[in-house]
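Colleague: For the record, the sequence lines run as chains A and B. Residues in the first sequence are numbered from 97 upward in steps of one, following our numbering. Residues in the second sequence are numbered from 97 upward in steps of one, following our numbering.
Quick caveat, the hints were computed from the structure, so don't treat them as lab data. There may be inaccurate statements among the hints.
It does not matter which identical chain is used: a pair holds within one copy or between any two.
Derived DSS-like pairs (lysine-lysine); straight-line CA-CA distance at most 25 Å [to be verified]: (1) Lys329 with Lys250; (2) Lys309 with Lys272; (3) Lys332 with Lys288; (4) Lys332 with Lys289; (5) Lys335 with Lys289; (6) Lys298 with Lys309; (7) Lys174 with Lys143; (8) Lys174 with Lys335; (9) Lys298 with Lys335; (10) Lys250 with Lys149; (11) Lys298 with Lys332; (12) Lys101 with Lys143; (13) Lys189 with Lys127; (14) Lys298 with Lys288.
Just so we're clear, the structure is a prediction, and the values are computed from it rather than from any experiment.
2 protein chains.
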Amino acid sequence: MEGAKIYLPSLSLDCVIFGFHENQLKVLLLKVKNARQWALPGGFILKNEDVGKAAERVLRERTGLSEIFLQQFNVFGKPRRSDANFHRQLLQKDGVEIDNDHWLFQRFVTIGYYALVEYSYVNPRPDNFSDECTWRDINDLPELMMDHSQILNKALETLRAHINYHPIGYNLLPEKFTMPQLQRLYETILNKKLDRRNFQRKILSYGILKRLKEVQRGVAHKAPYLYSFDLRKYHKALKEGLQGGW
Amino acid sequence: MEGAKIYLPSLSLDCVIFGFHENQLKVLLLKVKNARQWALPGGFILKNEDVGKAAERVLRERTGLSEIFLQQFNVFGKPRRSDANFHRQLLQKDGVEIDNDHWLFQRFVTIGYYALVEYSYVNPRPDNFSDECTWRDINDLPELMMDHSQILNKALETLRAHINYHPIGYNLLPEKFTMPQLQRLYETILNKKLDRRNFQRKILSYGILKRLKEVQRGVAHKAPYLYSFDLRKYHKALKEGLQGGW
Numbered sequence: 097m098e099g100a101k102i103y104l105p106s107l108s109l110d111c112v113i114f115g116f117h118e119n120q121l122k123v124l125l126l127k128v129k130n131a132r133q134w135a136l137p138g139g140f141i142l143k144n145e146d147v148g149k150a151a152e153r154v155l156r157e158r159t160g161l162s163e164i165f166l167q168q169f170n171v172f173g174k175p176r177r178s179d180a181n182f183h184r185q186l187l188q189k190d191g192v193e194i195d196n197d198h199w200l201f202q203r204f205v206t207i208g209y210y211a212l213v214e215y216s217y218v219n220p221r222p223d224n225f226s227d228e229c230t231w232r233d234i235n236d237l238p239e240l241m242m243d244h245s246q247i248l249n250k251a252l253e254t255l256r257a258h259i260n261y262h263p264i265g266y267n268l269l270p271e272k273f274t275m276p277q278l279q280r281l282y283e284t285i286l287n288k289k290l291d292r293r294n295f296q297r298k299i300l301s302y303g304i305l306k307r308l309k310e311v312q313r314g315v316a317h318k319a320p321y322l323y324s325f326d327l328r329k330y331h332k333a334l335k336e337g338l339q340g341g342w
Numbered sequence: 097m098e099g100a101k102i103y104l105p106s107l108s109l110d111c112v113i114f115g116f117h118e119n120q121l122k123v124l125l126l127k128v129k130n131a132r133q134w135a136l137p138g139g140f141i142l143k144n145e146d147v148g149k150a151a152e153r154v155l156r157e158r159t160g161l162s163e164i165f166l167q168q169f170n171v172f173g174k175p176r177r178s179d180a181n182f183h184r185q186l187l188q189k190d191g192v193e194i195d196n197d198h199w200l201f202q203r204f205v206t207i208g209y210y211a212l213v214e215y216s217y218v219n220p221r222p223d224n225f226s227d228e229c230t231w232r233d234i235n236d237l238p239e240l241m242m243d244h245s246q247i248l249n250k251a252l253e254t255l256r257a258h259i260n261y262h263p264i265g266y267n268l269l270p271e272k273f274t275m276p277q278l279q280r281l282y283e284t285i286l287n288k289k290l291d292r293r294n295f296q297r298k299i300l301s302y303g304i305l306k307r308l309k310e311v312q313r314g315v316a317h318k319a320p321y322l323y324s325f326d327l328r329k330y331h332k333a334l335k336e337g338l339q340g341g342w
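Please put together the full structure from these sequences, using the hints given.
Modeller: Right, dumping it as structure tokens:
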């Protein structure tokens with residue numbers, strides 16, 4: 097098998113790419129050819145390749161996306177998470193000659209990566225093994241193959257925990273934004289409504305925002321203030337947590 | 097080779113077990129037989145074994161420790177992190193017949209786990225491949241094999257970032273403790289002095305402590321207050337972060 101010659105055995109990686117745009121949270125999925133299921137963009141590690149670089153390459157090859165900051169978040173290592181039968185059926189439908197030692201029939205431990213991007217900036221394209229590569233709404237997901245919905249849920253849980261103590265929004269919002277825009281970003285990721293006054297009090301207490309002298313134009317009555325991130329404090333809070341280090 | 101028959105290829109795991117006791121932070125290390133280097137307790141994953149269970153088994157077999165809550169924290173996947181020459185020399189010194197296909201000569205991607213325990217509660221013992229299994233002071237470490245000092249440093253960085261937004265101390269301090277005792281735990285992990293008043297103000301603001309009616313006995317002048325953790329709030333903060341969820 098080609099796979100066995102060029103890739104590390106037993107190891108794969110899967111990427112959960114969340115996309116935010118106009119108050120919607122989506123995730124990038126590939127429609128598996130010859131099956132009704134969808135899949136996370138994933139792949140294997142070349143025998144002499146750095147694991148992090150492999151994740152970047154896999155994402156680029158399968159979706160056309162590059163320069164996305166991928167964060168390793170969890171290893172999925174249950175013995176029965178690989179599904180040889182599923183792969184056997186796909187190969188049969190594709191007319192591939194089947195050998196019980198086929199590369200895809202082994203047990204794979206998979207390394208999960210995630211990212212959050214502004215999805216109007218990126219233009220995904222499918223690879224040869226998929227019919228489609230599309231942003232799907234997080235609240236209306238299709239059936240996923242193997243344990244990919246577990247991987248997706250764990251990534252979402254990690255993202256939601258992350259924003260409890262780290263800032264978010266840079267590269268997702270315009271450079272100047274209003275408090276309601278920022279609040280809707282949080283509400284979209286958390287999938288719940290937040291109290292306007294509590295949100296404003298809390299986010300301002302972290303000191304990562306600068307209130308600008310200008311206000312939003314084209315608004316009839318009381319024009320809302322515009323804010324931008326104080327990038328020095330934003331990056332400090334990314335590193336140390338929102339309430340600062342000890 | 098025996099290894100190739102029973103273990104998943106290409107994958108290993110390493111455990112960084114931090115121990116706290118009487119204001120010292122230590123790490124559990126094994127002295128490698130026939131070499132001057134020390135190593136983290138590590139090992140391999142059986143072909144049909146859950147990865148998390150493998151970490152528990154490896155730690156138990158190599159050190160005698162069980163029921164330690166291991167937290168997966170990072171995958172180390174540089175192509176040249178394995179060191180075939182180092183292993184070749186060890187095997188030579190041990191009189192093992194050497195085969196270039198030896199199990200240990202392959203490239204391993206390793207999964208890092210860490211834990212923090214009260215080290216007087218645990219009694220480590222070495223396995224057959226080590227001369228010693230000992231708690232070593234974090235500020236006075238011996239030479240470590242391969243990339244084990246990088247793995248250790250990354251675990252320490254993860255632990256220090258973790259306590260910026262999660263509570264710590266339960267199972268490390270007595271049930272009732274004074275504010276100075278709690279402060280010294282933080283100072284020991286962070287390896288720096290903290291301002292007494294700032295520390296007290298900040299830790300009290302998180303609402304995870306209960307001030308008890310009793311004071312510490314046997315103290316000459318002003319007896320310090322005793323505290324215990326409010327476990328409901330402590331566990332909530334473990335999950336959502338110290339300043340609470342959005």
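Colleague: Run every hint past the structure and note whether it holds.
Modeller: Hints and how they fare:
1. Lys329 with Lys250: between (29 Å within a copy, 23 Å between copies)
2. Lys309 with Lys272: Classified as within: same-chain Cα gap 11 Å, cross-chain 51 Å, threshold 25 Å.
3. Lys332 with Lys288: Only across copies: Lys332 and Lys288 sit 19 Å apart there, 27 Å inside one copy, limit 25 Å.
4. Lys332 with Lys289: So Lys332 and Lys289 pass the 25 Å test across copies only (20 Å; inside, 28 Å).
5. Lys335 with Lys289: Between copies, since 20 Å is at most 25 Å while 27 Å is not.
6. Lys298 with Lys309: For Lys298 and Lys309, only the intra-copy Cα distance (21 Å) is at most 25 Å; the inter-copy one is 33 Å.
7. Lys174 with Lys143: Classified as both; 23 Å inside a copy, 11 Å across copies.
8. Lys174 with Lys335: So Lys174 and Lys335 pass the 25 Å test across copies only (24 Å; inside, 32 Å).
9. Lys298 with Lys335: both (19 Å within a copy, 19 Å between copies)
10. Lys250 with Lys149: Both: 22 Å inside a chain and 19 Å across chains, each within 25 Å.
11. Lys298 with Lys332: both (17 Å within a copy, 18 Å between copies)
12. Lys101 with Lys143: This pair counts as both: shortest intra-copy Cα distance 8 Å, inter-copy 20 Å.
13. Lys189 with Lys127: within (15 Å within a copy, 54 Å between copies)
14. Lys298 with Lys288: For Lys298 and Lys288, the Cα distance is within 25 Å only inside one copy (17 Å; across copies 29 Å).
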